[in-house]
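> Sequence:
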Amino acid sequence: MEYRGWVLAITSMGTFLAVVNSTSLLVALPTVMISLHTTFFVAVWILLIYSLVLTVLSPFLGREADLVGRKRIYSTGYILFFAGSTIAAVSPDPQVLILGRVVQGSGAACLFSNSLAIITDSFSGPQLGRAMAINSSVMGVGIAVGPLVGGFLSFINWRYVFVFNAPIALAGFVLSSRLLKEVKPVETGVRPDYVGSVTLSAFMTLIVLFLTVGPLEGWAHFTTVLFLLVSLVFLVLFLIMERRVRYPLINFSLFRNRRFTGSIISVLLNSITRFSAIFLLTIYFQGPLGINPLLAGILLMPYAAGLGFVSYMSPHVVKRVNDITVQTLGLAFTGASVAALFISSTGTPYYILAILMLLMGVGIGLYYTPNNSTIMLSVEPGQRGIVAGFRSLIVNMGSVVGMAIVFTIVATYVPESILGSAFLGLSVSLTETQKAAFVTGIDVSFLAAGLICLVAVPVFAVMLRRSSK
Numbered sequence: 203m204e205y206r207g208w209v210l211a212i213t214s215m216g217t218f219l220a221v222v223n224s225t226s227l228l229v230a231l232p233t234v235m236i237s238l239h240t241t242f243f244v245a246v247w248i249l250l251i252y253s254l255v256l257t258v259l260s261p262f263l264g265r266e267a268d269l270v271g272r273k274r275i276y277s278t279g280y281i282l283f284f285a286g287s288t289i290a291a292v293s294p295d296p297q298v299l300i301l302g303r304v305v306q307g308s309g310a311a312c313l314f315s316n317s318l319a320i321i322t323d324s325f326s327g328p329q330l331g332r333a334m335a336i337n338s339s340v341m342g343v344g345i346a347v348g349p350l351v352g353g354f355l356s357f358i359n360w361r362y363v364f365v366f367n368a369p370i371a372l373a374g375f376v377l378s379s380r381l382l383k384e385v386k387p388v389e390t391g392v393r394p395d396y397v398g399s400v401t402l403s404a405f406m407t408l409i410v411l412f413l414t415v416g417p418l419e420g421w422a423h424f425t426t427v428l429f430l431l432v433s434l435v436f437l438v439l440f441l442i443m444e445r446r447v448r449y450p451l452i453n454f455s456l457f458r459n460r461r462f463t464g465s466i467i468s469v470l471l472n473s474i475t476r477f478s479a480i481f482l483l484t485i486y487f488q489g490p491l492g493i494n495p496l497l498a499g500i501l502l503m504p505y506a507a508g509l510g511f512v513s514y515m516s517p518h519v520v521k522r523v524n525d526i527t528v529q530t531l532g533l534a535f536t537g538a539s540v541a542a543l544f545i546s547s548t549g550t551p552y553y554i555l556a557i558l559m560l561l562m563g564v565g566i567g568l569y570y571t572p573n574n575s576t577i578m579l580s581v582e583p584g585q586r587g588i589v590a591g592f593r594s595l596i597v598n599m600g601s602v603v604g605m606a607i608v609f610t611i612v613a614t615y616v617p618e619s620i621l622g623s624a625f626l627g628l629s630v631s632l633t634e635t636q637k638a639a640f641v642t643g644i645d646v647s648f649l650a651a652g653l654i655c656l657v658a659v660p661v662f663a664v665m666l667r668r669s670s671k
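Numbering (my numbering), first residue to last: 203 to 671.
Please note that the accuracy of each hint is not assured.
[Unchecked claim] 20 Å max Cα-Cα, derived SDA-like pairs, lysine to any residue: (1) 273 <-> 214; (2) 273 <-> 370; (3) 637 <-> 549; (4) 273 <-> 285; (5) 383 <-> 207; (6) 273 <-> 324; (7) 273 <-> 376; (8) 383 <-> 274; (9) 637 <-> 545; (10) 273 <-> 372; (11) 637 <-> 614; (12) 637 <-> 546; (13) 273 <-> 381; (14) 273 <-> 215; (15) 383 <-> 326; (16) 383 <-> 329; (17) 273 <-> 394; (18) 637 <-> 620.
Think of the hints as simulated: they come from the structure by calculation, not from any bench.
Assemble the whole structure, with the sequences as input and the hints as a guide.
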């Protein structure tokens with residue numbers, strides 16, 4: 203196999219590993235909660251901490267890769283992922299499991315923040331579009347099959363959800379360390395922005411605490427308000443420091459580029475919708491419908507099929523139309539199909555849900571591949587690492603915010619006493635009134651998630667069509 207083939211294989215492996223673990227634990231979480239005798243709040247953090255660490259470390263590691271080389275950071279990511287998966291697999295209590303997820307998230311940040319930059323460095327012209335399409339297909343399928351993997355392995359033992367990662371991570375390390383070529387850093391003598399990394403991490407952690415504690419303790423509770431206020435302090439500090447340091451973590455001058463800015467805004471809104479929808483479908487199947495984890499994962503496959511096929515074919519569509527139109531249609535398809543899931547109830551025929559999930563996959567497939575190219579080609583080669591890392595931050599921020607929004611909306615409809623059990627699909631005696639309220643909360647969340655993506659349609663279309671590039 204020629205070098206570019208190995209690049210695509212290695213980066214696709216890393217992308218798959220990183221995204222599968224963002225959703226595989228969704229369906230296995232009830233089993234984990236029972237096995238480790240933990241609370242619902244801790245269980246939610248077992249799920250969220252991975253995405254949170256991935257989010258806050260991505261821009262720093264993307265910038266670091268620009269300075270020290272992408273190969274070194276990427277290979278380290280595989281080792282960290284192996285270590286984190288091992289810790290999680292043997293964890294005797296929730297605290298050790300959370301530690302394992304933190305290490306996993308660190309490895310995922312190394313992988314996720316550099317995959318697109320490595321691909322962009324290695325491909326050009328039409329081949330770059332095809333490589334991006336394959337990587338996007340792998341990412342989309344990984345997100346969609348994560349619940350299937352988690353459901354199947356948790357039937358044996360939930361720990362196998364983490365054991366599953368080990369051989370993939372080891373193979374990725376061997377291949378990346380032996381076969382990837384190091385790209386000479388464009389900039390030298392540049393110091394990493396540690397202050398920016400710390401303040402951004404503090405802001406993200408505290409805002410997620412605010413969003414998860416709020417529905418449980420109340421939005422006016424002292425602890426909830428404190429988390430919000432302190433998070434805003436760190437956000438202000440981050441913005442002030444980024445304008446004063448010589449080599450900032452996030453180069454705000456990039457936002458003068460309308461093409462880049464419009465693409466990033468749409469990525470955030472689309473990610474909130476996408477992850478909200480997967481989260482909602484998972485709890486809908488396991489909660490009100492009482493479906494087991496394995497079958498719940500299987501029922502999500504129409505989404506994976508639409509996303510995987512259309513992501514691969516989208517470069518051919520772009521050739522016949524143009525990238526802005528294709529991305530705009532993708533956003534519209536995604537938002538409309540997710541909003542239409544508002545009709546779901548315990549009596550809704552599955553074929554209707556399957557059609558809407560297929561359309562959602564088609565929409566995301568149309569959007570993501572050309573959007574990756576739009577973002578990565580809008581900057582100079584020396585900034586690709588930090589841009590890839592920043593894009594990773596935005597994508598994963600969307601996942602965290604999306605799940606928090608869902609949790610918040612549904613919590614307003616379901617009594618606190620059964621909230622954890624209802625969310626995790628545990629055996630609990632729900633009255634018909636409580637079940638109806640739970641479904642209503644899910645439906646309202648679907649509608650809200652769909653509308654968020656539809657807001658991105660005019661924003662994206664106007665900003666990119668007015669851009670000079």
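> Taking the hints in turn, state whether each one holds.
Now for the hints, and whether the structure bears them out:
1. With a C-alpha separation of about 15 Å, the suggested pairing of residue 273 with residue 214 holds against the 20 Å cut-off.
2. Between residue 273 and residue 370, the direct Cα distance comes to roughly 17 Å. Compliance with the 20 Å bound is thereby established for this hinted pair.
3. Proposed proximity of residue 637 and residue 549 is supported: the alpha carbons are some 12 Å apart, at most 20 Å.
4. This hinted pair checks out: residue 273 and residue 285 have alpha carbons roughly 19 Å apart, not beyond 20 Å.
5. Note on residue 383 and residue 207: the hinted pairing holds, with a Cα-Cα distance of about 13 Å set against a maximum of 20 Å.
6. Taken as a hint, the residue 273 and residue 324 pair is honoured in the structure, with Cα atoms around 12 Å apart against an allowance of 20 Å.
7. Among the hinted pairs, residue 273 with residue 376 is consistent with the structure: their alpha-carbon atoms are about 12 Å apart, no more than 20 Å.
8. As the CA atoms of residue 383 and residue 274 are separated by approximately 10 Å, the hinted pair is consistent with the 20 Å bound.
9. The hinted pair formed by residue 637 and residue 545 meets the criterion: a straight-line CA distance of about 15 Å does not exceed 20 Å.
10. In summary, the hint linking residue 273 to residue 372 is supported, as the alpha carbons are separated by about 15 Å, within the 20 Å threshold.
11. With a CA separation close to 14 Å, the supplied pair residue 637 and residue 614 stays within the 20 Å bound.
12. Taken as a hint, the residue 637 and residue 546 pair is honoured in the structure, with Cα atoms around 13 Å apart against an allowance of 20 Å.
13. Taking the CA atoms of residue 273 and residue 381, the gap is about 9 Å. The hint holds against a cut of 20 Å.
14. With a C-alpha separation of about 15 Å, the suggested pairing of residue 273 with residue 215 holds against the 20 Å cut-off.
15. Distance restraint check for residue 383 and residue 326: the Cα-Cα separation of roughly 16 Å lies within the 20 Å cut-off, and the hinted pair is therefore satisfied.
16. Restraint check for residue 383 and residue 329: the C-alpha separation of about 18 Å stays at or below 20 Å, so the hint holds.
17. Restraint check: the Cα-Cα separation between residue 273 and residue 394 comes to about 18 Å, which is no more than 20 Å; the hinted pair holds.
18. As the CA atoms of residue 637 and residue 620 are separated by approximately 11 Å, the hinted pair is consistent with the 20 Å bound.
Hint check: no violations occur; every hint is consistent with the structure.
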